[in-house]
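Chemist: Here is what each chain is made of, one letter per residue.
2 protein chains.
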Amino acid sequence: MIPKTVEWVQLAEGPSVRMIDQTLLPNEERIIDCVTLEQVCEAIKSLRVRGAPAIGCSAAMGMAMIAGRSSAQTIDELRAELRAAHDALAATRPTAVNLFWALARMSALVDSTDDPRELRVALADEAQAITVDDLDRCRRIGKNGAEVIPEGGNVLTHCNAGALATAGHGTALGVIRGAFERHGDLHVWVDETRPLLQGARLTSWELMRDGIPCTVICDNMAGSVMKQGKVDCCVVGADRIAANGDAANKIGTYGVAVLAKHHGIPFYVAAPLSTVDYELMSGEQIPIEERDPKEVSYMAGLAERSATPAGAHIYSPAFDVTPAELIAGIITEAGIARAPYTESLAALRG
Amino acid sequence: MIPKTVEWVQLAEGPSVRMIDQTLLPNEERIIDCVTLEQVCEAIKSLRVRGAPAIGCSAAMGMAMIAGRSSAQTIDELRAELRAAHDALAATRPTAVNLFWALARMSALVDSTDDPRELRVALADEAQAITVDDLDRCRRIGKNGAEVIPEGGNVLTHCNAGALATAGHGTALGVIRGAFERHGDLHVWVDETRPLLQGARLTSWELMRDGIPCTVICDNMAGSVMKQGKVDCCVVGADRIAANGDAANKIGTYGVAVLAKHHGIPFYVAAPLSTVDYELMSGEQIPIEERDPKEVSYMAGLAERSATPAGAHIYSPAFDVTPAELIAGIITEAGIARAPYTESLAALRG
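As you go down the protein sequences, you meet chains A and X in turn. Heads up: the first sequence begins at 636 in the working numbering, then just goes up one per residue. Heads up: the second sequence begins at 636 in the working numbering, then just goes up one per residue.
It should be emphasised that the hints constitute simulated quantities derived from the structure, not laboratory data. Hints may contain errors.
Because identical chains cannot be distinguished in the list, a pair is counted as satisfied if it fits within a single copy or across any two copies.
Cross-link-like lysine to any residue pairs, in silico, SDA-like; alpha carbons within 25 angstroms at most [to be verified]: (1) K680 <-> K896; (2) K865 <-> D768; (3) K639 <-> R740; (4) K680 <-> L659.
Predicted model only: the values in this text are computed from it and were never measured.
Given these sequences and hints, build the entire structure.
Modeler: The following block contains the structure:
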C-alpha cells in the first residue's frame, strides 16, 4: 500500500539507496535512486527522506552504497572513502540521534576485516539488518502502545512519525496502527505541522491509505479541539530522547504537550531505544537545527509567492524539547517507560 | 505609510467603499472600489477586508453606499433596500460583534427622517463618524496599553489586530505602536497565523513599514520562544468579548494564552468597547465560524497544489475562545479592565 521509505537495491552498475521523494508527497509518488554520497546527503538535508529512524537507515545504506560502488583497490583506500562518507553523512542533520547511532554501527565494521570484498558485503548486510530491525522495533512499539488509545478514542499526533519516518509501520503511527488493528475504532487529529507540513502531506496520506479515519487541522487548532473535549490522548515520535526522558521532536511538539497538560490529556512519545541518547543527562543539551526561512515564507515550496514581505526576519527552529514531566510515557520496543525516566529508560536498555 | 484600510470615497457616479485588498498583501497593494452590495459582502466574506473593527466600518459604509447609489424615489423604497442591505451584510460573518454593532448604529437612523435625501446624507455621515471614532479609540487603546510592554521587551502577537484590522493604528498593534512611541525599544514575535497567514502577510508588513523590529514564526514555534525566555508579554485583538471577559479571537489565540500561562507570561487582549457583547454572559455562547478547508490545503491561496491528499478531511474553525481566567487585562479606549471582568467591563462602559 505505502511505498517503501528507503530500500537497498542492486542495479546493474552497483547498489542504490532507493527512496520515495517525500518532498513531492502527496501530489506525486516519485521514486529516486541515490547512487552518490552527494545524492544521499542532499536527500537527507532537503528532507526527501526524513524521520529519525529513516535517516539512520538511509545513512547506513549510504555507507554501504559508497563501499559497493567504490573503485578502491586496497582496504586503506576503501576505509578512507568510508571515513569521508561517514563524516559527510554525520554532518547532514544535527538533532536526530539515530543518524549517529546507525553510522556508529556501520563504522564498527570498518576494521572487522582487511578484505575489501568482505567489507563491502558486511556493510550491505548491516545496512539491511538495521532496516529490518527498525521495522521489527516499530511493530513492537505498535503492539506495546496500542493500549494507550481507547476504543472509539481520538488521538492527536504532530508531524509524521509513521511508515515514512521509519523503515515502515512507524513509531507514533505504529501505536495508532497497533490500536486500530486491535479494536478498529479510533480517529486521528493530524496537526499539519508547519513549516514543512509533514502532518498534512505525509501523515494524512499514510492514514488514508490504511483506511484510518483522520482529520487535518492547522497546528494552532489543537488547543481548540482539546478544549472541545475531542482529544483523548496525544502520541508523537522523537528525534532524540535524553537519559532523563526529555524528548526532542518536530517543532510544535512542546506546545502540544503543554496544551495536553492544561487539558489533562495524556501525552506519549513513541520511539525505538536507538532514539535514546544515554550520554545526554538532559534535553537542554540536545542541539537544535535551524532551517532555511524560505521553508516558512514559501510554504514548504508549495507557493511561488512569499507569504512574508521582502526582507522579513524569520526564525525557524526545526525541533523543540518537551521536558519529561509533560510526558505520560515513552513507548519503546521493549515496553512503556514511565517516570522517573532515568531509571525506567536505563532498565529497558538492559 | 500604510494605505487606508477602508475609506469613503465620492466617485463621479456615486459613493464607493474603497479598500486595500488584503488577500493580495504583502505581494501586491491593490486598491479596490466596492460599489454594489454584492461587492461589499464578497469583500468581507473573502477577507479582502477583515478584523472586527474594520468589518464594522466597511459594513456601515456599505449601507451608506447603497443609500447613496439607490434609485429609490420614496422613503419606503429606500428603507426596503436598506433593510435588505442590512440583512445581507449581517450574514457575511457570524463571530465579530462589531459588524452587528455598526449595522445597528446605521439602522437606528433609517427612521430618523422621511426625506430620502436627508437619510442618504445622515447615513454617509454616520459611516464616516464610525470610522473616525474607531481610529480615535485605537489611539486611546494604544496609549492606555503602552505600559504593559516593558522597554526592551519582547511581545508576541497572533493574527493581525493592526491598522489593517481597524480604521487605522490597530488594537493589539496600537498597543505595540503606543509602547514603541513611548520608549522606542521593543521586538515583536509575529505568529504567522494559519490558515490565512494574517501575521506573516499583514502584521509583519505593517510593523516593517513603521520600522518596528519583528520576527515571523510559525504558530507552533511560540512555545519554543516562550520556553527560551524570549517573550515578556502577549497582546492580541478580539472579535467578540463576552460580558465575563471570555474573548473570541483568531484561531490559535487560545493556544497562545495557555502557553503564556504555563510560562508565567502576561496575556493581554486589546479591543474597543464595541467588541464587548454585554448581552452574552460567557464565551461559550459566541458563534464560531467554520472556513473553507481549501484555505488550509492551498495555503491561503498561495499554493497551486494542495498540501493534503485528495479527499482529506479538514476542520477549520476561524476563531477560538480564550477564557477570562487566562487574560491578564483587557485594554480598551476607556482603560484596562482587570478581573473580575463582569464588573470591570461594566464599569468601563458606564
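Chemist: All hints are to be evaluated individually against the structure, with a verdict given for each.
Modeler: Consistency of the hints with the structure:
Proximity of K680 to K896 under the C-alpha cut-off of 25 angstroms is found in neither arrangement, the shortest distances being 33 angstroms within a copy and 36 angstroms between copies. For the identical chains of this complex, K865 and D768 are neighbours neither inside a copy (35 angstroms) nor across copies (42 angstroms), given an alpha-carbon limit of 25 angstroms. Proximity of K639 to R740 under the C-alpha cut-off of 25 angstroms is restricted to the intra-copy arrangement: shortest distance 22 angstroms within a copy versus 63 angstroms between copies. In this assembly of identical chains, the alpha carbons of K680 and L659 lie at most 25 angstroms apart only when taken from the same copy (15 angstroms versus 32 angstroms across copies).
Comparing the model with each earlier hint shows violations of hints 1 and 2; every other hint is respected.
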